[in-house]
Amino acid sequence: MPELPEVETVRRTLEPAVGRRVRGVWTSGLPLRLNGPVDRAGLARAATGAVIAGVRRRGKYLLIDLAGRDRLILVHLGMSGRLRIVPARAPRAPHTHVVLSLTGGRELRYSDPRRFGLVDLAPAGGREREHPSLAVLGRDPLVERVTGAFLHEAARRSRQTMKSILLDQGIVAGVGNIYASEALWLAGVPPTLRGVRLDRARADALARAIRAVLRRALERGGTSLRDFVDADGVAGENADYLRVYGRAGAPCPRRACSGRIRRTVIQGRATFHCPACQRR
DNA sequence: TAGAGCCTGCGG
DNA sequence: CCGCAGGCTCTA
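Each residue of the first sequence is one higher than the last, beginning at 0 in numbering that gives the first Met the number 0.
A few of these clues could be false.
To be verified - FRET-style restraints, in silico, Cβ to Cβ:
(1) Arg158 with Leu29: 37 to 47 Å
(2) Arg259 with Gly67: 55 to 65 Å
(3) Gly258 with Gly67: 56 to 66 Å
(4) Arg219 with Glu129: 27 to 37 Å
(5) Gly267 with Arg22: 41 to 51 Å
(6) Ala89 with Arg262: 33 to 43 Å
(7) Ala43 with Asp198: 46 to 56 Å
(8) Arg196 with Ala52: 41 to 51 Å
(9) Val135 with Gly267: 17 to 27 Å
(10) Gly103 with Ala255: 49 to 59 Å
Treat the hints as calculated values from the structure; they're not laboratory data. Glycine included, every Cβ here is placed at the ideal spot set by N, Cα and C.
Work the whole structure out from these sequences, hints included.
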């Protein structure tokens, strides 16, 4: 479900949890795809009694810092994960797998029907990249500079298509299936173009497109195609502004382009582009 | 470097 | 009933 703009939207709406103390921890015991059953004892040891010092994001991962503790809580929402801050007495949603009860009568709850996500512990104190999931991440476009030169260099070393390169979290961290198609369309780059064939001018355009697409989506609170909501349960508005994703058969929204959006499959993922204006 | 696999839910 | 879903990992 969530890509960088959605995860960042969740991060921002988690801010009210900062400064609250963790009073207790509950877990469902069911395995999550990315790290198996949540380490309940470890989580309790790391978090119980600690004040939440901040919530950070790195690619599609959220990092919950705990004041004075040597571990932080790492969360990935997978396809269907949600983090919500709710009153402790609110009924628990189905598929809730982790609950942190907080001071002030609130709970921070992680629910995830498909269980493709992750809730884990990582070293704190600036050593979070020792966690294997964070160790392999590339540049986060909102944190570091994703420039044309950087993309050009990364693409040149790859034998993959540009669509796959954008989905590679080890290169650009945070772009997922929606924004990969959107950025390629905005830059006029065909999704099937091989990385080695991406010239520097198009790399510049693509770098700009990635930043623009992510920033605009974030301004609109993310894309809610079906069920994405932030930590307050509010859906994002960006679905209305998608230019190609999910719009197969529609006229290309580019000015003076008479093409129609096509749906193809690249590496098993739906891909949308305009054959008329995304050309080699 | 494709493809399968992991899960549940939804819409046609 | 079938296909599809915003992610990621492991396998041949």
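These are the hints, each one checked on the structure:
1. Arg158 with Leu29: 37 to 47 Å: Taking Cβ atoms as reference, Arg158 and Leu29 lie about 38 Å apart, which means the hint holds.
2. Arg259 with Gly67: 55 to 65 Å: holds (58 Å)
3. Gly258 with Gly67: 56 to 66 Å: Because 57 Å falls inside the window, the suggested range holds.
4. Arg219 with Glu129: 27 to 37 Å: This hint holds: roughly 35 Å between Cβ atoms.
5. Gly267 with Arg22: 41 to 51 Å: For Arg22 against Gly267, whose Cβ atoms are near 43 Å apart, the range 41 to 51 Å holds.
6. Ala89 with Arg262: 33 to 43 Å: With a Cβ separation near 39 Å, Ala89 and Arg262 satisfy 33 to 43 Å, so the hint holds.
7. Ala43 with Asp198: 46 to 56 Å: holds (54 Å)
8. Arg196 with Ala52: 41 to 51 Å: holds (46 Å)
9. Val135 with Gly267: 17 to 27 Å: holds (21 Å)
10. Gly103 with Ala255: 49 to 59 Å: 55 Å Cβ-Cβ, so the 49 to 59 Å window holds.
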